[in-house]
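Chains as they are written, first to last, in the working numbering: chain A, 1 to 382; chain B, 1 to 382.
These are calculated hints, taken from the structure and not from any lab test.
Keep in mind that the hints are not guaranteed to be accurate.
To be verified - A few chain B residues that face chain A, going by a derived Cβ cut-off under 7 angstroms, partial list only:
{"#": "1", "residue": "A46"}
{"#": "2", "residue": "G97"}
{"#": "3", "residue": "L313"}
{"#": "4", "residue": "E371"}
Positions of the beta carbon are idealized from the N, C-alpha and C atoms, including for glycine.
2 protein chains.
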Amino acid sequence: VAVTRWVDGLTSAGVAAGIKPSGDLDLGLLVADRPITWAGAFTRNAAAAECVRWNRAHLGHRARALVVNSGNANACTGSAGRHTVEATAAAAAEQIGCGADEVLVCSTGPIGVPLDARLIESAVPAAANSLTDSVDDFSRSLLTTDTFPKVSTASSSGASVTGVAKGAAMIAPNMATMLAFLGTDANVPADALQPAVDWAVDRSFNRLCLDGCESTNDSVVVFATGAGPALEQEDLRAMLLDVCSQLALKMARDAEGSTKLVRIRIEGARTEAHAAELGRAVARSDLWRAAAHGADPNWGRVLSAMGSVDRRLDVERTSVAIGDEVLFAKGEPSGLLAAAAAAMSGDEFTVLVVLDQGDAAAEILTADLSEEYVTLNAEVTT
Amino acid sequence: VAVTRWVDGLTSAGVAAGIKPSGDLDLGLLVADRPITWAGAFTRNAAAAECVRWNRAHLGHRARALVVNSGNANACTGSAGRHTVEATAAAAAEQIGCGADEVLVCSTGPIGVPLDARLIESAVPAAANSLTDSVDDFSRSLLTTDTFPKVSTASSSGASVTGVAKGAAMIAPNMATMLAFLGTDANVPADALQPAVDWAVDRSFNRLCLDGCESTNDSVVVFATGAGPALEQEDLRAMLLDVCSQLALKMARDAEGSTKLVRIRIEGARTEAHAAELGRAVARSDLWRAAAHGADPNWGRVLSAMGSVDRRLDVERTSVAIGDEVLFAKGEPSGLLAAAAAAMSGDEFTVLVVLDQGDAAAEILTADLSEEYVTLNAEVTT
């Protein structure tokens, strides 16, 4: 198996800090060999974790490192939670030899559980002593209910990018309990990196909609070392989108308790944003997602979900296909349900909605809603 | 067992028309002995069923009867569906001796399945020949996945109201695959009835949020015979709200696959509408509803759900209690999780959120998300 590596100038480690009762890796450290440009996209949840607030406050400044823990979201943890973030940054800064304000902090796990800063302070030195250019341990240290690490790479005109992510549940518009960390050697001015990241996140992670819940902790952080070639804005965006889309697809395939990937593609929309909104409405529908689980070609639930968010939807001009079978053609039922059911029985299928309103399109990735999702999320975690 | 009766001047019947494969009652007929005032509240779904469009077009005119079928929503069924609505109204009109435009039509069941008008035309005469002042057969003819008929009554200053309803799933803001039919003898001018119904529906059925899916068919219809005393607007509203709230509570207790009733009470809000919006956000959260199923006092999911819809939510001023246990007090975790878990282990519990923003409050009724909900809705229905 080929090892995936960070671009030159970045190293990482993953260690077990004792935050997860299982003893698995739960603390990751990503380090740049000098202060670098970074950009980030964070949850818009008003109950955002303390670490999200910390990172947002440091946007626009250079960074040296990022500490991430799994097994505890450190969200809604009050003043003790704020202290833990500060102590985490200070511990990493001491090891690396930088200012605490050059250290970003991310967390994922249960909300509202106190996170003992001493666990992190004790583990940071071991992480700092095991830094390597492989993403391996770091990518595993992020995982919660994920079943596999998520790593992707891309390159463009001599520059490259490596990304690692965790997903699993609570992935909704504006991300959600998803973390993604990208490192690129592209030489990008700070004021060009942030809009490129926002653009790519909007078209990748924000087109994932699993259980419709938006997390307190979701974060995408991109480190740009600047050691490589300069890229045109267009090439930079395409390269970031490539990696983010690959990671989003892996998250969808690993959705909590799910058994299949479902693509909701909306075509013929007035705008891309409108297409995405309608796709998300379908992806958010528990009724539709349960039907997807049972391979029931219940296209009426697709129309109903869209009609509940777009009061002006004209069903007389709308068509719905599942797989290759058109089941509703501009206001009239059509096609063979058995053919659609067959298309739904595999581990991946597409719902195509054509609106006949314009030329814009968007695709939302989702997954089926299974009994196992409920079982997983009914377990006592706090 | 006491039989619940309609007010004088209203009769009903329920028969088996062969729409449900089970052979159960699936066609209801409600008849007024002369043209009467009525009001209605209907789904705002853009994919609303043909019968909803028919009823809306007749708002403001007098009515003589209402035909309701279960086992088929007749939604997204195109021109054939429109024909079935017209044929249904015509069949009832012929039996009763009125105009087809004095007959309202409601349907509930799977979406997108053709509904054969001949089944209804054949069964309407039998229904018209078995009219009685008992609500019994009529209340059973509405049911789909409900486990019991829902009937309630109230009275005020010599006037009374009887209501029957079906619920079970897809109950969301603006109702949803719920039907409720009320009959009152209150003497109400037509222009006073509609606002009273809107007011009562907004504070009862629209405060139910089960799976967050808004249906194509939800309808509340109130028949007012005018044979009883005139009521003050305030008394009329209170009487309607009483019956609608009782019916909504029964729907919540009978939510598809659920094992417990959950009250989400938001206090200290700026406005009642804002309190209701936050309560619905919690009720819509699959993560929270799965935790409720497992009696996991995961109050962080409550905050996270609210924070995802209200970007200005100030967690530092917000408190969350489950049962009598305060688990989050103005920004800081507190209390005993075990006490909250015990409160959640019964068949009903309350989550109380206090915002410290104002004096308004609202309570949303919901239920837990169970594996059985998924199983029920993954079955092939089309």
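Go through the hint on B/G97 and say holds or violated, using the shortest Cβ distance to chain A against 7 angstroms.
34 angstroms, violated
Would you settle whether the hint for B/L313 is holds or violated, based on the nearest Cβ-Cβ distance to chain A being less than 7 angstroms?
4 angstroms, holds
Hold the hint about B/E371 up to the distance rule: shortest CB distance to chain A must be less than 7 angstroms.
4 angstroms, holds
Interface hint check: B/A46, Cβ to nearest Cβ on chain A, cutoff 7 angstroms. Holds or violated?
B/A46 check passes; min Cβ-Cβ to chain A is 4 angstroms, inside 7 angstroms.
In this structure, only the earlier hint numbered 2 is contradicted, and the remaining ones agree with it.
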